[in-house]
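**Q** Based on the provided sequences and hints, a complete structural model is requested.
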Amino acid sequence: MRIDRFPARFALLAALTLALAGCGIRQLARAEALVPDHGGHAVRVLTIGNVALYDFMSVLPGGAGDRCPLAEASSKRITVRGCGSDAREMLPWLEASLPAIEAYLREIHVSRLRVSLHRPGSRVLKRGWRSSALDNMTVAMSFRYAPGSERHARYAVRVLAHELTHVAHKRRPAQGESEEYFGAIAESCVEYAVFGSTSGYAFETDVKGTISDDFDDAQRESATEAQRAYGWVIEFAGDDGTVRQPNGHFEAFCTASIGVSRA
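Using numbering that gives the first Met the number 0, you'd call the opening residue of the sequence shown number 0 and step up by one each time.
Keep in mind that the hints were calculated from the coordinates and are not lab data. Be a bit skeptical, because a hint or two may be false.
Unchecked claim - Distance windows between CB atoms, simulated:
no., residue 1, residue 2, range
1, G258, C67, 39 to 49 Å
2, S177, G247, 25 to 35 Å
3, G258, T223, 15 to 25 Å
4, L69, T223, 30 to 40 Å
5, D239, G147, 16 to 26 Å
6, T46, G83, 37 to 47 Å
7, E94, R150, 13 to 23 Å
8, T223, A139, 27 to 37 Å
Where a beta carbon is used, it is the ideal one built from N, C-alpha and C, also for glycine.
**A** This is how it looks when you write it as structure tokens:
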């Protein structure tokens, strides 16, 4: 990238931010009625050279917000905030997830991850546009979390892998498969790396539920590709429907499906 092109490119990114920033909350409110209690997430990405304009969106349906003492836990790259000990419980899983994700998605590097955790029943609609180089990203997302719930932790790790796959694929040549398919495969591959196992989903309704007639095209594609990816993952599972470490065949499948060789 030529240095003298930076000002014009950043000016375009700034204009796009202003044009798009006001249109999302209404979309999130409409989506709220269609997502499960554990939440729904999405990302929009625009790239110019190695610079990306990205918007991570989190929809957690519910009533009033959290009413609890908040605490924060942090490490070199990650800050987590949540009720009581929730942040402290989640931090190790997130710390393990970033290297696992970046091992497959070598186009990106998350320099800062900010996560807010919310108890079941609390309502959260959040989004925020950011621009940066893809190797210096700041990502902010909100997740549902119940104390001691590994299932919620698995879901958060899966979502993070899925949405970052969309960002990384903006730097890859066009491929025959949908990005949603690659994102769904990445969910299980990263979950397997972090937790030592995967069943192809964290919440079973995400792959075995009915695809609603109210879904828009993007939601319908996401649900359809999640079901298709699940079908591939369970091919490697044992009798209990779970893929467990070590499983060299599954690891090879992950590398072949979503990995890239080093430049």
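**Q** Each hint needs a verdict: does it hold in this structure or not?
**A** Going down the list of hints, with the structure as the test:
no. : hint                       : verdict
1   : G258 with C67: 39 to 49 Å  : 40 Å, holds
2   : S177 with G247: 25 to 35 Å : 27 Å, holds
3   : G258 with T223: 15 to 25 Å : 24 Å, holds
4   : L69 with T223: 30 to 40 Å  : 38 Å, holds
5   : D239 with G147: 16 to 26 Å : 22 Å, holds
6   : T46 with G83: 37 to 47 Å   : 39 Å, holds
7   : E94 with R150: 13 to 23 Å  : 19 Å, holds
8   : T223 with A139: 27 to 37 Å : 28 Å, holds
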